[in-house]
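Note that the protein sequences, when read in sequence, are chains A and B.
Position 47 of the first sequence, counted from 1, bears residue number 130 in this note's numbering, the numbering being contiguous throughout.
Position 82 of the second sequence, counted from 1, bears residue number 64 in this note's numbering, the numbering being contiguous throughout.
It is worth saying that the hints were derived from the structure and are not from the lab.
From a predicted model like this one, the values you see are computed outputs, not experimental measurements.
Any given hint could turn out to be false.
As the list claims (entries may be wrong) - One-sided excerpt, in silico: chain A residues whose CB lies under 8 Å from chain B:
1) G93
2) A118
3) F137
4) N139
5) V185
6) V186
Positions of the beta carbon are idealized from the N, C-alpha and C atoms, including for glycine.
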Amino acid sequence: MTWASIIIAGILTYLTRMTMIALVDREMLGDKIKAVLEYVPSAVFPAIIFPAIFINDYGAFIEMNDPKIFGAIVAIIVGYFSKNIIATILSGLISYWFLIFVVFS
Amino acid sequence: MLSKKQLFTKGMIDISPHMLSVIPFGIICGAIGVELGFSPYLVYAMSFIIFGGASQIVFLQVLSGGASSLVAVTSVGIINSRHLLYGAVLSEYLEKLSLIKKLLISYLVVDQGFAESNKFFKKNKNEQHLHYHLIGTGCTMWVCWQISTLSGIILGSFVPAELGLKFTIPLTFIAIVVQDLKKIDHLIVMITCGLSSLLFFDAPFKSYIIIAPVIALFVASLITRLKK
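Please model the complete structure; the sequences and the hints are all you need to start from.
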């Protein structure tokens, strides 16, 4: 039963990936839609970022002094100026570690 | 004009920094599956069949929480529906490919790969074999995902939970969008999406992951109208 649902979930997932690539061509998308699609990364990724920072494992909002908020702010500043993915991730992670292991321990 | 091999390599290079978050997350994913009591084969098969990080964890958590498989499958479908948006963006660059190539490449479309290849596509619209960049990012993600989930399954959670490596996931996506913060229109769209995702976090089937982008794209469409 679980196997069957994994396969169905896999087919569904594949359909979400394939549908637009295989069925849409340029003529179908007007300039207006294309202009809006420019915003897809900005319109999707914060829905991954915000809950991962502001909501904890138990589905509750975190306190405003949570180390994750500090880590995210450091990552944003470092990422903005360095334009470097590795520096962004490491600066955020290390500042987060600094708070949980050194300051709050 | 870059060769296919150069484009493929460029894709691999562009995606590789994200492995800092993908690999720990893969290990966690594999370990959680086994800890929840599922067979190792089943947990691994998901990496191959579904190939979608967060949705795999949710699937197993929903099932082990006692919900029906219908709920689990629906959740996966809804969480992964964001790929429809990625596909709509990518279709412009992939339209010249044969149907069979489109069908094969589709399997490799994942968040970070889409983000990096889309950035590359925008700057190099005239390259002839652009899709090799997407194959490069997709294959790198695929190989790292298989290896990391597999090691999580076999070795268990050898990455201590105290390290909080799950936090690298939002960081990796911050790295993707951070340069667009200086554009006020993008900033508005991002804040709309982020706040909507928190507002609708408790919506059924994790549907906040697609509700928030739809609201944000609606705001984006208003912005494009105002711009004219």
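Legend entry - Violations among the numbered hints, reported as their numbers in ascending order: 4, 5 and 6
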